[in-house]
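Each residue of the sequence shown is one higher than the one before, starting from 1 at the first, in UniProt numbering.
Worth flagging that the hints you see were computed from the coordinates, not collected in a lab. Just so you know, not all the hints are guaranteed correct.
Said to hold, decoys possible - Simulated restraints on C-beta separations:
#	residue 1	residue 2	range
1	Thr-134	Glu-37	46 to 56 Å
2	Glu-118	Val-51	44 to 54 Å
3	Thr-146	Gly-25	48 to 58 Å
4	Arg-94	Val-7	30 to 40 Å
5	Ala-85	Glu-38	21 to 31 Å
6	Glu-148	Ala-39	11 to 21 Å
What the hints assert, rightly or not - Derived lysine-lysine pairs resembling DSSO-like cross-links, with alpha carbons at most 27 Å apart:
#	residue 1	residue 2
7	Lys-64	Lys-121
8	Lys-129	Lys-108
9	Lys-30	Lys-64
10	Lys-121	Lys-108
Don't be surprised by glycine CBs; every beta carbon is placed ideally from N, CA and C.
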Amino acid sequence: MKYFRYVCVVCRPNTGLQLRQESLGELEKKYKKVSTEEAEPHWTQQYEASVDTCSHAYWRGNCKNVTLGMECEVGLRRRSYNVLAGSVLSVWSRVESVLAARSGHNSKMQVVRLRTDEGLKIVGTLIPKSCMETLRQALSSDAENTEELTF
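With the hints as constraints, model all of the structure from the sequences given.
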């Protein structure tokens, strides 16, 4: 019972440092201790696979979402987010209508704040992948110029 008092932080090869802490007792129930030499090739294999292979496909061999032609980002160590930023107030009603039509009326727009590796600070709204092309068409139809940046 004393091992349940020790709290541990877990780091996984695909998703990195975990926010949820676990007791040593919980970890001993789920895992067995192995040597570094035995663990390293498995760790490296999962780390390399997690760039583009979801956890479902990695552990089970296939993923229902991927089989249906959809994307699955569960367990990926790198994810892509689409953020609409800049001077968007003049087109806000169009943004809302595209997002409501594609995502459903109950979905909420999420404002995010991020900092790029170059130190650039960006505040914008998160755009689901399913809305990207429709929104791009709606906004570029009467735009003087458009710019898409990848960070």
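Here is how each hint holds up against the structure:
no.: 1; hint: Thr-134 <-> Glu-37: 46 to 56 Å; result: 52 Å, holds
no.: 2; hint: Glu-118 <-> Val-51: 44 to 54 Å; result: 22 Å, violated
no.: 3; hint: Thr-146 <-> Gly-25: 48 to 58 Å; result: 55 Å, holds
no.: 4; hint: Arg-94 <-> Val-7: 30 to 40 Å; result: 49 Å, violated
no.: 5; hint: Ala-85 <-> Glu-38: 21 to 31 Å; result: 46 Å, violated
no.: 6; hint: Glu-148 <-> Ala-39: 11 to 21 Å; result: 41 Å, violated
no.: 7; hint: Lys-64 <-> Lys-121; result: 37 Å, violated
no.: 8; hint: Lys-129 <-> Lys-108; result: 15 Å, holds
no.: 9; hint: Lys-30 <-> Lys-64; result: 26 Å, holds
no.: 10; hint: Lys-121 <-> Lys-108; result: 23 Å, holds
Violated hints, in rising order: 2, 4, 5, 6 and 7; the structure is consistent with all others.
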